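Chemist: Listed below, chain by chain, are the residues.
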Amino acid sequence: MPARRSPLALASRWLLWLWMAGVIVAAFRAPLAAGFAGLDAASPQTSRIVFFHVPIAITSFVAFMVAAVWSGIYLWRRRPNADRAAAAAVEIGLVFCVLAIVTGALWAEVQWGAFWNWDPRQVSIAIAILFYGAYLNLRGALDDEETRARLSAAYAVLGFVVAPFLFFIMPRLFDMSLHPTPGTSRMEPAIGMVVLASTAGFVALFFWMQGLRRRILTLAAQRRAIEIPGEI
Amino acid sequence: MFDDGILWLAAVNLILWTGLFLYLLAIERRLHDKDDDR
Chain A
1 MPARRSPLAL ASRWLLWLWM AGVIVAAFRA PLAAGFAGLD AASPQTSRIV FFHVPIAITS
61 FVAFMVAAVW SGIYLWRRRP NADRAAAAAV EIGLVFCVLA IVTGALWAEV QWGAFWNWDP
121 RQVSIAIAIL FYGAYLNLRG ALDDEETRAR LSAAYAVLGF VVAPFLFFIM PRLFDMSLHP
181 TPGTSRMEPA IGMVVLASTA GFVALFFWMQ GLRRRILTLA AQRRAIEIPG EI
Chain B
1 MFDDGILWLA AVNLILWTGL FLYLLAIERR LHDKDDDR
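Chains as they are written, first to last, in the working numbering: chain A, 1 to 232; chain B, 1 to 38.
One chain only, chain A, in its complex shape (with noise of 0.2 Å):
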């Protein structure tokens, strides 16, 4: 007997639609008053960017993390569905990364003057993309499931000391950063909120994404089982 589709998760999809709706309504319409976490002085407008390239770094963040996690699960479980859903949070969570770096790239030019300013963040979030770079290079150069599964799950698990390292630590090393030290700026209230709002509605749509990722993945696997009997 087919599964209905379940209401309940259609309506959250839509209230999510409604979420980010009024996310980019708040954005657009928030007030910058002067001195916005100290960067609106060149272009008020363009600064508005802060709504969405924030979050969409914090949620390329909290996708790694959820990699390692369920890398964490295939190495103690050792269940290939655990395999797959890291695998698609890394490959989603890069996605928001190149995002991140490509809206940052185009806030520093107008902020900053050029696209590319060897900021410790710039660098951080560039070896970022390396480093889970690396990781679907990883799984691409092995065939064998099992040997592809456990050894990425493995690669991903450093995700747990590697992803705070470049997002949280190695930005504070240097003292020559153009970003704004966290916690040292301020930030009205109001915009503080719009990006908080961001920022859940963006993980929301990495756990929406990640989940459809997997289930395209795990199709994927069944087929080739069926094509390669003995195979999962």
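The hints are simulated quantities; they were obtained by calculation from the structure and are not laboratory data. Quantities reported herein were computed from a predicted structural model and do not represent experimental measurements. One or more hints might be untrue.
Said to hold, decoys possible - Coverage of chain A stretches by chain B, computed from C-beta distances (three or more under 8 Å per stretch; other residues unrestricted):
hint : segment
1    : 12-25
2    : 206-216
To be verified - Stretch by stretch, here's where chain A covers chain B in the computed footprint (C-beta under 8 Å, at least three residues):
hint : segment
3    : 15-23
4    : 26-34
Heads up, the beta-carbon is just placed ideally off N, CA and C, and yes, glycines get one too.
Since chain A is already given, all that's left is putting chain B on it; use the hints.
Modeler: Using the frame of chain A, we list chain B on its own:
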């Protein structure tokens, strides 16, 4: 409600978001149909 020149940008963002949303919804529907087929 919006500053001058910002309204169209908000509209473009809304269209992009709606497009992505409907695309994801379509993928979900197709995956669900494939689940039903099996």
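Chemist: Which hint numbers does the structure go against, in order from smallest to largest?
Modeler: none
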